[in-house]
Amino acid sequence: MEPDIDWRRLLEERGSALVLYARQWTDSLADAEDAVQEGFIRFWKARESGVGDQIAILYVSVKRSALDRRRSETRRNARERFAAETGDKLYFQKTAIEYEERRQAIEKALEELPDSQREVLVMKIWGELTFKQIAEALGESQNTVASRYRYGLQALRHLVDRNT
Amino acid sequence: MNMNHDQEDSDFERELRELKPTGITPGIRRSVALGLQDGADSADARESRGEWRWVACVSALAAGLLVVATIHFMTGFNSKVPSAGHEGQPATAGIERPSSESRDTFRPVAVRSEMVAQRDEGPVLVSNMGPVRKLRYRFVDDVKWHNEHRNLTLAARVPREEVVLVSLETY
Chain S
7 MEPDIDWRRL LEERGSALVL YARQWTDSLA DAEDAVQEGF IRFWKARESG VGDQIAILYV
67 SVKRSALDRR RSETRRNARE RFAAETGDKL YFQKTAIEYE ERRQAIEKAL EELPDSQREV
127 LVMKIWGELT FKQIAEALGE SQNTVASRYR YGLQALRHLV DRNT
Chain G
2 MNMNHDQEDS DFERELRELK PTGITPGIRR SVALGLQDGA DSADARESRG EWRWVACVSA
62 LAAGLLVVAT IHFMTGFNSK VPSAGHEGQP ATAGIERPSS ESRDTFRPVA VRSEMVAQRD
122 EGPVLVSNMG PVRKLRYRFV DDVKWHNEHR NLTLAARVPR EEVVLVSLET Y
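Quick note, the sequences are listed as chains S and G, same order.
One point on numbering: in the working numbering, the residue at position 12 of the first sequence is 18, and numbering is uninterrupted.
One point on numbering: in the working numbering, the residue at position 46 of the second sequence is 47, and numbering is uninterrupted.
Next up, chain G with everything else stripped away, as it sits in the complex (with noise of 0.2 Å):
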C-alpha cells in the first residue's frame, strides 16, 4: 500500500518538473541590466570600502601626529622665547611653571558624530542568526581637544563605518 503510494508520489513528482514555468520576459532582463549598471558593482563597492577605510586609518594617523608635533613644537618655542617684561632672562625663569603633563595635556571638548550614509545591502546568511539583513552605515566624526594652558585647540575629523546585522523575518 505504502509502496503504491510512493510509486504514484513519485510519478507525480516526474509529473510536475515537466511544467516549465513562464519563462522570464526580456523587460525583466532590461530592468537589471539598468539597475545594476546606475548601482555600482559589488566589486565596485568593495573597493570604494577599501578606499574608505584606508581614508579613515590615514586621518586618524594623521590627527594623532599632528597632535604630537603641536605639543613638541610649543614645548619648545616656550623654553625658547624670552618673557616680556623680563629682558635677557630665560622664559621659565622667576616664573612657576606648572608641571608637564598639565601644560602638555590636551583634552577631548567635542565629540559630534554625523551619519553621512546609510545602505541596505541585502539579507545575507550569517552562522547562528539565519538570514539577516545587513545595513551599512558611514559617520563622519569630529573630535577636538583643547589646552587650556596653551590656549590651543586641536580637531580631527575620523571617517567610521559601522555594519549592523538585523534579523529577518521570513514569515
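Same shape as in the complex, but just chain S (with noise of 0.2 Å):
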C-alpha cells in the first residue's frame, strides 16, 4: 500500500470487498457495513508504515469487528434475531435478468461452504489480495491458503452445479 494513500481511495478501491468478507460473520448487509466501517475507522488510526502488510492488517481488523458484533448479536433476543436474519442476503450486485438464477446458485453455495475456505475465497476473488497477503492475514503458511482455495474453488463449483 502507498505510504500516503487517502483513506477514501482505500475505501472505494476496497470497501465492497470488505463488506463481502465481513458478511460471513454477520447476520444482515447493515451489520456487514457497520463491521467495516468501525474496522476501517480502527485500521487507519492505528496504521504504521512498514509494519507488516497493511491491506493483510485492514481485513485482521474488519474481521475482528464483525466477530465482535457477532458474539454481541448473541446477546440480542429472539425477535430481534430473527428480523436480522431474514434480512437482505443479496451479497452481490444484481446482474443480467438470465443470470439472476445462476447469482443466487453462487451466493446460497457460499453460504454452504466451510468458514475456512469461504473466507479465503472471498479475499482471493473479491478482495485480489495474493495468497502472502492472505496467509499474513490468518496466520498460516501460503501452502495452507493455497490449498484451501483451490478445495474451495472446486466444492463451491460443485455446490452451485448442485443447486442450479
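Worth flagging that the hints you see were computed from the coordinates, not collected in a lab.
Any given hint could be a false lead.
Here are the simulated BS3-like cross-link-like pairs (lysine-lysine), alpha carbons at most 25 Å apart as the crow flies [claimed, not checked]:
no.	chain 1	residue 1	chain 2	residue 2
1	G	21	S	114
2	G	21	S	100
3	S	138	G	145
4	S	51	G	135
5	G	135	S	100
6	S	100	S	114
Join the two chains, each given in its own frame, into one complex according to the hints.
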C-alpha cells in the first residue's frame, strides 16, 4: 500500500470486498457495513507504515470487528435475531435477468462452504489479495491458504452445479 | 481428466470474478469520515506520543537536577551557618558529623503508579507473533525520596508509556 494513500481512496477501492468479507460473520448487510466502518476506522488510526502488510492488517481489523459484533449479537433477544436473519441476503450486485438464477445459486453455495474455505475465496477473488497477504492476515502458511482456495473453489463449483 | 477439471475451475474462477460485491453505501463513507475526524489522525497521534515522550524525558531530567541542586545547596548551607548556642564557632565545630554519605543520602520512600490513559491501537502484524492487538497504556509515576538526617523530602512526577501486545485469536 502506498504510504500516503488517502483513506477515501482506500475505502472506495476495498470497501465492497470488505463488506462481502465481513458478511461471513454477520447476519445482515447493515451489520457487515457497521463492522467495516468500525474495523476501517480502527485500522486507519493505528496504521504504521512498514509494519506488516497493511491490506492484510485491514482485513484482520474488519474481521475482528465482525466477530465482536457477532458475539454481541448472541445477547440480542430472539425476535431481534429473527429480524436480522430474514434481512437482505444479496451479496453481489444484481446481474442480467437471465443470469440471476445462477447468481443466487452462487450466493447460496457460498453460504454452504466451510468458513475457512469461504474466507480465503472471498479474500482472493473479490478482495484481490495475494496468497502471501492472505497467509499473513490469517497467520497460516501460503501453502495452506493456497490449498484451502483450491478445495474451496472446487467445492463451490460442485455446490453451484447441484443447486442449478 | 485433471486438465478438464483445471479448465473448469479456471472458467468458474473467471465467472466468480465477474460478480461484483454490493457497493459501499454513502452511509459508510459518512460514518468513516466522522470517525476519523473526532479521533486524532494517526499523524497527530504520533506527534502527541512524541510530545509525551519529550515531557517524560524533561521531567525525569528536572527531577534529577532538583535532587542534585538541593543536596549541593544544603551541604553548602550547613557549612556556613553557625550553630545555635555556639556563637562564633563554625557550625561543624564540636559536633560529631556523620559521614557525608548518610547526610546526603535520599532514599525512595513512596512510589505510586497511576494509569491515566489506555488506548487500543488495533491489530498489527509482528514477525514471529502473527496478528496481535496493540494496547498502549499511559502512567504517571509519583516517586518520593526522603533524607532523614536533613528532614527533606523530594517528589517527582514522571510520565511513562507501556505498549502491550496481545495475541489475536482469528478463529
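Hints violated by the structure (listed by number, smallest first): Hints 3, 5 are the ones this structure does not satisfy, whereas the remaining hints hold.
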